[in-house]
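Assemble chain B onto chain Y, guided by the hints.
As a plain string of letters, each chain reads:
There are 2 protein chains.
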Amino acid sequence: MGRIRVVIYGVGAIGRMVARTICEKREEFEIVGAIDLDERKVGRDLGVLADLGREIGVKVSAEPDRVLKETTPDIAIIMTTSFLNKVFPQIMTCVKFGVNVISTCEELAYPYIVNKELSRKMDEAAKAKGVRILGTGINPGFLMDVLPLFLTTLCIDVNAIEVTRVIDASKRREPFQRKIGVGLSVDDFRRSIEQGKITGHVGLVQSIALIADALQWSLDKIEVKKPAPVVAPSRIDRGYIPVPAGFVAGLEQKACGIVGGETKISLTFRASLIEDEDYDRIRIDGTPPINLEIKPCVHGDQGTVGVIINLIPTVLSSKPGLLTMIDLLRLHHCKA
Amino acid sequence: MGRIRVVIYGVGAIGRMVARTICEKREEFEIVGAIDLDERKVGRDLGVLADLGREIGVKVSAEPDRVLKETTPDIAIIMTTSFLNKVFPQIMTCVKFGVNVISTCEELAYPYIVNKELSRKMDEAAKAKGVRILGTGINPGFLMDVLPLFLTTLCIDVNAIEVTRVIDASKRREPFQRKIGVGLSVDDFRRSIEQGKITGHVGLVQSIALIADALQWSLDKIEVKKPAPVVAPSRIDRGYIPVPAGFVAGLEQKACGIVGGETKISLTFRASLIEDEDYDRIRIDGTPPINLEIKPCVHGDQGTVGVIINLIPTVLSSKPGLLTMIDLLRLHHCKA
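Chains as they are written, first to last, in the numbering used here: chain Y, 182 to 517; chain B, 182 to 517.
Errors might be hidden in some of the hints.
A pair counts as met if it fits within one copy or between any two copies, since identical chains are not told apart.
[Stated by the list, open to error] Calculated lysine-lysine pairs in the DSSO-like style (CA-CA distance at most 30 angstroms, straight line):
1. Lys435 / Lys476
2. Lys310 / Lys500
3. Lys222 / Lys500
4. Lys206 / Lys402
5. Lys402 / Lys250
6. Lys277 / Lys308
7. Lys297 / Lys406
8. Lys435 / Lys310
9. Lys476 / Lys352
10. Lys360 / Lys500
11. Lys308 / Lys378
12. Lys310 / Lys406
13. Lys500 / Lys308
14. Lys297 / Lys476
Read the hints as simulated data drawn from the structure, not as lab findings.
Chain Y on its own, in the form it takes in the complex (with noise of 0.2 angstroms):
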């Protein structure tokens, strides 16, 4: 059996890592092409951009149709967007050329509640040319969803889950922290909240729905607060951006799945300069009765990464369609 032949579509930060991970430790996998609009990049090598200290032999192009016609890739890798809408058109060109599709685009880890049409434009296309595509990676994808579902195999029976993810914001890239808003006054905060320019975490809904799927809970409806700052008590010089006191640090955000009027599921995800430690903690209310922590947090980069490369294969021998991670790993056994 020869290798798995992998595009590498978005070269961002997380693409460039998942490059660099198969060039150096993934023998099992191939990298075929990569696409990237962004000028700087388009006609340099991915080996070069990825940091390998050497040319791999693959350019970057501007024009997916000829990657993905010319490279007769068995996977596409998509890492250009949070939004299904965004990466919709993306994913419906690999899906023509007969190239299965993962993505990190936090929507697609549960599209169906974002978009029920494009979910079913997905479906039957990848059903029709016999390809699978996939939204996952650490969050939403597996910390705040998966690995709870996938404890509650323990349980005779499960009566709330609560989920806390808490980051410490001064280890993570400088996109990040512009993501959750370090720097900002409160009311620029605010104002960007309002004005959709901090999106702070997308995912919290797909995790809900993810874990309502699998348990076979049936949602009154998932409550979203808006992000909330984490205001700084004293000045920070702990990340990229210098944070004055009272100017905001991070975010926290919130967001439960309400069953029969009862809350049943509760996400909270916090991510800020000034937490003294991270941690990513599932209580389960159930029995038994489950309360785990990761201490450090798992690092959210690394943690994708990982997820994108192991599922690879997983994706391939599944059946073709639109999945989510419950049918990938087979985690409907879970019931309340």
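Just chain B, lined up with the frame of chain Y:
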């Protein structure tokens, strides 16, 4: 679709918990038969034995053939022994009647390293009859093998895995306390170990083999240390059996998997009456590193019942043959 028809094969403590749970909480299953050789149970109603406070119309029978033939079950849950050679004939009887098997038999969690010939026979018989055989439970089958494997989905690379399970045995049943030597003198404990009267926890070998298999690590060998006594520093009255100072309060067992001359998998199991805190701890030395703690440790009996019941539908929808948890949950994607 009708309910899944289940036979309870072995009406011990776990068998009764499974029966009670199914009757009280799981409408998708129906208990159609019960098998046990114990004269005190034969002829009695399973509902009464399982403390349901009512009869369920299922009498315990000492005739496996008759029950398996007459009740036409989909699956038998065998909870009779820790050892492969003892469960083997029971499994073969189920398979003969076209009945799927899920069993708590610890050695069945990875039977190939115990007895290849018996494993081959079970696999062939199951395939010929189109049924599945799975050995699982909380340990082996989940906490010390499957859960760490599942977590490696996050890892770009994995260098080593360390798992520790520490149980406060005062919270467990009397048979469990006896199984770990509570109340014996140190000499009697050592003699009981030599004579095979105390086996302690069975399954560390299976857990190591499961991890190595899924990660495609080629084991040089599995090293298993003899169970060591945990000695009471002063008199203990926390359990079913009083323990004088200097006597045995429980045991500790260690095993490791050696790959390329290095210890890559280290497992420690400790259960005694003198644990200040009990927990499950998983440490993955990899990228990213993962340090996880479940505190208190997951309750063994409840967790086993959960795993067994929750996995029934997954077993029934898997390909026929002798399965391990790796096949069942598609954990093969986990790569080193």
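Here is what the structure says about each hint:
no.: 1; hint: Lys435 / Lys476; verdict: both (21 angstroms within a copy, 25 angstroms between copies)
no.: 2; hint: Lys310 / Lys500; verdict: both (12 angstroms within a copy, 25 angstroms between copies)
no.: 3; hint: Lys222 / Lys500; verdict: neither (35 angstroms within a copy, 47 angstroms between copies)
no.: 4; hint: Lys206 / Lys402; verdict: between (43 angstroms within a copy, 25 angstroms between copies)
no.: 5; hint: Lys402 / Lys250; verdict: neither (43 angstroms within a copy, 48 angstroms between copies)
no.: 6; hint: Lys277 / Lys308; verdict: within (11 angstroms within a copy, 39 angstroms between copies)
no.: 7; hint: Lys297 / Lys406; verdict: within (23 angstroms within a copy, 56 angstroms between copies)
no.: 8; hint: Lys435 / Lys310; verdict: neither (39 angstroms within a copy, 51 angstroms between copies)
no.: 9; hint: Lys476 / Lys352; verdict: both (14 angstroms within a copy, 27 angstroms between copies)
no.: 10; hint: Lys360 / Lys500; verdict: neither (36 angstroms within a copy, 46 angstroms between copies)
no.: 11; hint: Lys308 / Lys378; verdict: neither (36 angstroms within a copy, 58 angstroms between copies)
no.: 12; hint: Lys310 / Lys406; verdict: neither (39 angstroms within a copy, 54 angstroms between copies)
no.: 13; hint: Lys500 / Lys308; verdict: both (9 angstroms within a copy, 22 angstroms between copies)
no.: 14; hint: Lys297 / Lys476; verdict: neither (37 angstroms within a copy, 40 angstroms between copies)
Checked against the numbered hints given earlier, the structure breaks hints 3, 5, 8, 10, 11, 12, 14 and satisfies all the rest.
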